[in-house]
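Student: Between the sequences and the hints, there should be enough to build the whole structure, so can you do that?
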Amino acid sequence: MNNDLLFDFNLDKAAKTVYITREFNAPQALVWDAFTKAELLDQWSAPAPIRAKTKYMDFKVGGRRFYAMISPDGSEGWAVQEYTSITPKTNFKMYNTFANKDGDRELPGSEWDHHFSEQNGITKVSIAIFNESLARLEKMIEMGFKEGITVNLNQLEGLLK
Amino acid sequence: MKIKPDIFQAIADPTRRAILTLIAIQALTPNAMAEKFDMTRQAVSKHIKVLQECDLIKPQPLGREIHYHFNAQKMQEFDHWLAQFRKNWETQFNQLDQLLSTIKEQKK
Numbered sequence: 017m018n019n020d021l022l023f024d025f026n027l028d029k030a031a032k033t034v035y036i037t038r039e040f041n042a043p044q045a046l047v048w049d050a051f052t053k054a055e056l057l058d059q060w061s062a063p064a065p066i067r068a069k070t071k072y073m074d075f076k077v078g079g080r081r082f083y084a085m086i087s088p089d090g091s092e093g094w095a096v097q098e099y100t101s102i103t104p105k106t107n108f109k110m111y112n113t114f115a116n117k118d119g120d121r122e123l124p125g126s127e128w129d130h131h132f133s134e135q136n137g138i139t140k141v142s143i144a145i146f147n148e149s150l151a152r153l154e155k156m157i158e159m160g161f162k163e164g165i166t167v168n169l170n171q172l173e174g175l176l177k
Numbered sequence: 094m095k096i097k098p099d100i101f102q103a104i105a106d107p108t109r110r111a112i113l114t115l116i117a118i119q120a121l122t123p124n125a126m127a128e129k130f131d132m133t134r135q136a137v138s139k140h141i142k143v144l145q146e147c148d149l150i151k152p153q154p155l156g157r158e159i160h161y162h163f164n165a166q167k168m169q170e171f172d173h174w175l176a177q178f179r180k181n182w183e184t185q186f187n188q189l190d191q192l193l194s195t196i197k198e199q200k201k
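In the order they appear, the protein sequences are chains A and B. So in the numbering used here the end of the first sequence lands on 177, straight run, no missing numbers. So in the numbering used here the end of the second sequence lands on 201, straight run, no missing numbers.
Simulated from the structure, these hints should not be mistaken for laboratory data. One thing to keep in mind: the hints can contain errors.
Computed from the model, here is a short list of chain A residues facing chain B with C-beta under 10 Å [stated by the list, open to error]:
1. F25
2. V34
3. R38
4. F40
5. P43
6. F51
7. T52
8. A54
9. L56
10. P63
11. G79
12. E134
13. Q135
14. A144
15. R152
Dumping the calculated DSS-like pairs for lysine-lysine here, alpha-carbon to alpha-carbon at most 25 Å [claimed, not checked]:
16. A:K53 / B:K167
17. B:K197 / A:K105
18. A:K53 / B:K201
19. B:K201 / A:K29
20. B:K197 / A:K69
21. A:K140 / B:K151
22. A:K105 / A:K71
23. A:K155 / B:K180
For glycine and all other residues, C-beta sits at the position ideal for the given N, C-alpha and C.
Tutor: Set out below in structure tokens:
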């Protein structure tokens with residue numbers, strides 16, 4: 017793996033926006049697919065040991081992706097992404113909300129903006145996530161946070177054995 | 094229903110950020126804050142209320158006056174959440190690196 021790939025993560029508190037930039041050693045068309053096709057998204061878009069499972073996805077403006085984040089214990093957290101703007105291969109925007117298992121959305125959500133560009137075979141993805149409140153951001157992290165703790169405790173157990 | 098102000102809302106305001114910066118160095122009374130920022134006592138009280146409601150500052154009575162302290166622990170909690178969020182993204186992106194390289198191999 018190329019360790020020179022850029023990873024940048026910033027929170028602008030006043031703008032209530034998290035900015036994430038990452039480079040990938042792959043052509044833009046492929047990285048675009050990894051962000052916009054359900055079968056690829058499900059393979060990377062949840063931090064292990066959590067996994068993502070898309071129930072349905074209709075990638076067009078006004079279309080939605082309904083998916084779950086599934087913990088190792090089997091508990092599911094559902095969410096809905098609604099695509100608000102798409103410029104193929106270069107940009108898409110979506111509105112992300114938590115939902116129940118029937119797909120009913122819990123407003124408010126967060127606004128996501130993705131930009132893709134390629135230079136010398138390296139694709140750069142810039143993501144801006146706007147949250148109205150910190151509570152919303154915390155909720156977004158909550159599941160991964162609990163998992164992080166569990167994993168760390170398991171590692172500790174292993175060490176103590 | 095009364096909604097508790099959120100840290101985001103609290104620190105989105107430039108005056109409140111300035112107050113926090115100042116009292117992080119030294120605890121201050123509302124009067125001292127009003128003087129430093131050239132604000133009315135009422136305006137200061139409003140900002141103090143918001144900052145106190147989300148635990149960013151803490152009052153400490155000193156004689157007849159109340160000094161407000163910066164609650165660094167609350168800020169650390171916040172940073173802790175953020176660090177976790179960053180870690181999640183790192184994990185996901187490493188997974189994506191693997192996936193991309195697998196797909197590139199298959200295409201060869």
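Student: None of the hints should be skipped; say for each whether it holds.
Tutor: Verification of the hints:
| no. | hint | in the structure |
| --- | --- | --- |
| 1 | F25 | holds, 5 Å |
| 2 | V34 | holds, 7 Å |
| 3 | R38 | holds, 5 Å |
| 4 | F40 | holds, 6 Å |
| 5 | P43 | holds, 9 Å |
| 6 | F51 | holds, 9 Å |
| 7 | T52 | violated, 13 Å |
| 8 | A54 | violated, 13 Å |
| 9 | L56 | holds, 7 Å |
| 10 | P63 | holds, 4 Å |
| 11 | G79 | violated, 22 Å |
| 12 | E134 | violated, 13 Å |
| 13 | Q135 | violated, 16 Å |
| 14 | A144 | violated, 13 Å |
| 15 | R152 | holds, 8 Å |
| 16 | A:K53 / B:K167 | violated, 39 Å |
| 17 | B:K197 / A:K105 | holds, 18 Å |
| 18 | A:K53 / B:K201 | holds, 21 Å |
| 19 | B:K201 / A:K29 | violated, 45 Å |
| 20 | B:K197 / A:K69 | holds, 23 Å |
| 21 | A:K140 / B:K151 | violated, 44 Å |
| 22 | A:K105 / A:K71 | holds, 24 Å |
| 23 | A:K155 / B:K180 | holds, 15 Å |
Hints 7, 8, 11, 12, 13, 14, 16, 19, 21 from the earlier list are contradicted by this structure; the remaining hints agree with it.
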